[in-house]
Amino acid sequence: MTVGRRKWEVEQRRPSRTRRRGAIHLGMLMLVMSVVFPLGAASLEKQVQQIATELRCPVCQGLSVADSPSQMANQMRDLIRERLEAGESPEAVKAYFVERYGEWILLAPKKEGFNLLVWLFPFLGLAGGAVGLLVVLKRWRQRPATTGRASVDPAYLEKVRREMAQDQS
Amino acid sequence: MKKVLVPLSVVPLLLLLAYGFWTDPRNVPSPLIAKPAPPFALTLFDGEHLKLEGLRGKVVVVNFWASWCFPACYEEAPVLEAAWRAYKDKDVVVVGVNVQDTEKAAKEFMDRFQFTFPNGPDPGGKISIDYGVYGIPETFVLDKAGRIAYKHVGAVTAGVLSAQLESLLQQAPRASDSKGGHDRGS
Numbered sequence: 001m002t003v004g005r006r007k008w009e010v011e012q013r014r015p016s017r018t019r020r021r022g023a024i025h026l027g028m029l030m031l032v033m034s035v036v037f038p039l040g041a042a043s044l045e046k047q048v049q050q051i052a053t054e055l056r057c058p059v060c061q062g063l064s065v066a067d068s069p070s071q072m073a074n075q076m077r078d079l080i081r082e083r084l085e086a087g088e089s090p091e092a093v094k095a096y097f098v099e100r101y102g103e104w105i106l107l108a109p110k111k112e113g114f115n116l117l118v119w120l121f122p123f124l125g126l127a128g129g130a131v132g133l134l135v136v137l138k139r140w141r142q143r144p145a146t147t148g149r150a151s152v153d154p155a156y157l158e159k160v161r162r163e164m165a166q167d168q169s
Numbered sequence: 001m002k003k004v005l006v007p008l009s010v011v012p013l014l015l016l017l018a019y020g021f022w023t024d025p026r027n028v029p030s031p032l033i034a035k036p037a038p039p040f041a042l043t044l045f046d047g048e049h050l051k052l053e054g055l056r057g058k059v060v061v062v063n064f065w066a067s068w069c070f071p072a073c074y075e076e077a078p079v080l081e082a083a084w085r086a087y088k089d090k091d092v093v094v095v096g097v098n099v100q101d102t103e104k105a106a107k108e109f110m111d112r113f114q115f116t117f118p119n120g121p122d123p124g125g126k127i128s129i130d131y132g133v134y135g136i137p138e139t140f141v142l143d144k145a146g147r148i149a150y151k152h153v154g155a156v157t158a159g160v161l162s163a164q165l166e167s168l169l170q171q172a173p174r175a176s177d178s179k180g181g182h183d184r185g186s
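Protein sequence lines correspond, in order, to chains Z and U.
Following my numbering from start to finish, the first sequence increments by one per residue and tops out at 169.
Following my numbering from start to finish, the second sequence increments by one per residue and tops out at 186.
Check before you lean on any hint, since a few could be wrong.
[Unchecked claim] Simulated pairs of lysine to any residue, SDA-like, Cα-Cα distance not exceeding 25 Å:
1. K151/U - L107/Z
2. K46/Z - K94/Z
3. K126/U - L137/Z
4. K126/U - K111/Z
5. K94/Z - K2/U
6. K110/Z - L13/U
7. K51/U - A130/Z
8. K111/Z - L137/Z
9. K94/Z - P123/U
10. K3/U - W140/Z
11. K2/U - K110/Z
12. K110/Z - E103/U
13. K104/U - Q164/U
14. K2/U - E45/Z
15. K35/U - K46/Z
16. K35/U - L15/U
17. K104/U - K151/U
18. K110/Z - A155/U
19. K110/Z - P29/U
20. K3/U - E99/Z
21. K94/Z - K151/U
22. K3/U - K94/Z
23. K126/U - Q49/Z
24. K126/U - E103/Z
25. K111/Z - P29/U
26. K94/Z - K35/U
27. K126/U - G125/Z
28. K3/U - V135/Z
29. K51/U - L107/Z
30. K35/U - E88/Z
31. K110/Z - L16/U
Since the hints were made in silico from the structure, they are not lab data.
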């Protein structure tokens, strides 16, 4: 038993060693990549894109700055990039647009205050629906139990009993 | 129970729908009202330079326009030029910011309406974004202390503009507010 266990442990260790070697290889590859391709440019563009998806294109109908091909959206993307390059945080860039356009510029309302209703209503509706369903189901289950017995005519029941007694005699 | 539940769930929904249909989604209130106007420097079409800070103490009309903005910009252009001519000697400056346009088209537009007030392009849309512009034309009226007193979306009319100018001209600039000016990006 103990031998088997040790064997199992040895087998366990083996893949972890190759995994470690793999991790070292990957790390070296990333190091080389970051020298060959300036990683900053790619991540900056990613950040610009991320902020742009959260902002409303002011001249469009329900489109984000990232999705709109309009000149206005182009200019806004340039401005986002410029501000990030100047060292502003993504939060600060978004705050700038909110300061100028109001919260309207954010495609998703902030999760605070009155806006919380928008985030809570779907769950409240779901809970309300579940409670309603339970109430209805409970009523349906109770109905046949109460109405089943009361609906038999006592006179008819008496007649059946009398005839059965006649049969037996 | 049922008599109460049905109206209780339907009526608020109807009220919400009614509210939604009665409000104009294009009417977005600007958070900049009563705030210091974002400063800008404009290189005018005639080569001159204009800085908003240099106009402190005057009532300033900042109009965002484009030659492709038809018909609204064409409707309001004579109104702006007339206001400039009527008020330029009374401490009022009208400034035109040309947005997303070509220089040639903009100059043709200015010739057509014989603009004599300062006009310049907004390269990169920086000034318009700073002012939260979401549609052309938009007109901002700044008080003597450099705060945004009024914003008009769409073609501005002579009545609206002169009423704003008259009421702002009557206000004396308060020394405590005259610092104003928003330092952007800093």
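Each hint, compared with the structure:
Proximity of K151/U to L107/Z is assessed by CA-CA distance (about 23 Å); at most 25 Å being required, the pair is judged to hold. Of the pairs offered as hints, the one joining K46/Z and K94/Z holds, with about 15 Å between alpha carbons and a cut-off of 25 Å not exceeded. Distance check on the hinted pair: K126/U and L137/Z sit about 61 Å apart at the alpha-carbon level, beyond 25 Å; violated. Note on K126/U and K111/Z: the hinted pairing is violated, with a Cα-Cα distance of about 29 Å set against a maximum of 25 Å.
For the hint linking K94/Z to K2/U, the alpha-carbon distance of about 48 Å lies beyond 25 Å, and the restraint is violated. For the proposed pair K110/Z and L13/U, the alpha carbon gap of about 23 Å is at most 25 Å, so the pair holds. For the hint linking K51/U to A130/Z, the alpha-carbon distance of about 63 Å lies beyond 25 Å, and the restraint is violated. Proximity of K111/Z to L137/Z is assessed by CA-CA distance (about 35 Å); at most 25 Å being required, the pair is judged violated.
Note on K94/Z and P123/U: the hinted pairing holds, with a Cα-Cα distance of about 22 Å set against a maximum of 25 Å. For the hint pairing K3/U with W140/Z, the CA-to-CA distance comes to about 20 Å; that is within 25 Å, so the pair holds. The straight-line distance between the Cα atoms of K2/U and K110/Z is roughly 36 Å, outside the 25 Å bound, and the hint therefore fails. In summary, the hint linking K110/Z to E103/U is not supported, as the alpha carbons are separated by about 40 Å, beyond the 25 Å threshold.
A threshold of 25 Å between alpha carbons decides the hint, and for K104/U with Q164/U the separation of about 32 Å lies outside it, so the pair is violated. With a C-alpha separation of about 57 Å, the suggested pairing of K2/U with E45/Z is violated against the 25 Å cut-off. Between K35/U and K46/Z, the direct Cα distance comes to roughly 33 Å. Violation of the 25 Å bound is thereby established for this hinted pair. At roughly 34 Å between alpha-carbon atoms, K35/U and L15/U are farther apart than 25 Å, so this suggested pair is violated.
For the proposed pair K104/U and K151/U, the alpha carbon gap of about 28 Å is over 25 Å, so the pair is violated. Of the supplied pair hints, the one linking K110/Z and A155/U is violated, its CA atoms being roughly 33 Å apart against a limit of 25 Å. Between K110/Z and P29/U, the direct Cα distance comes to roughly 18 Å. Compliance with the 25 Å bound is thereby established for this hinted pair. Proposed proximity of K3/U and E99/Z is contradicted: the alpha carbons are some 47 Å apart, above 25 Å.
In summary, the hint linking K94/Z to K151/U is supported, as the alpha carbons are separated by about 23 Å, within the 25 Å threshold. Proposed proximity of K3/U and K94/Z is contradicted: the alpha carbons are some 48 Å apart, above 25 Å. As the CA atoms of K126/U and Q49/Z are separated by approximately 19 Å, the hinted pair is consistent with the 25 Å bound. Using a Cα cut-off of 25 Å, the hinted pair K126/U and E103/Z holds, with the two alpha carbons roughly 19 Å apart.
Restraint check for K111/Z and P29/U: the C-alpha separation of about 21 Å stays at or below 25 Å, so the hint holds. The straight-line distance between the Cα atoms of K94/Z and K35/U is roughly 19 Å, inside the 25 Å bound, and the hint therefore holds. Distance restraint check for K126/U and G125/Z: the Cα-Cα separation of roughly 44 Å exceeds the 25 Å cut-off, and the hinted pair is therefore not satisfied. Between K3/U and V135/Z, the direct Cα distance comes to roughly 17 Å. Compliance with the 25 Å bound is thereby established for this hinted pair.
Proximity of K51/U to L107/Z is assessed by CA-CA distance (about 34 Å); at most 25 Å being required, the pair is judged violated. A threshold of 25 Å between alpha carbons decides the hint, and for K35/U with E88/Z the separation of about 23 Å falls inside it, so the pair holds. Taking the CA atoms of K110/Z and L16/U, the gap is about 20 Å. The hint holds against a cut of 25 Å.
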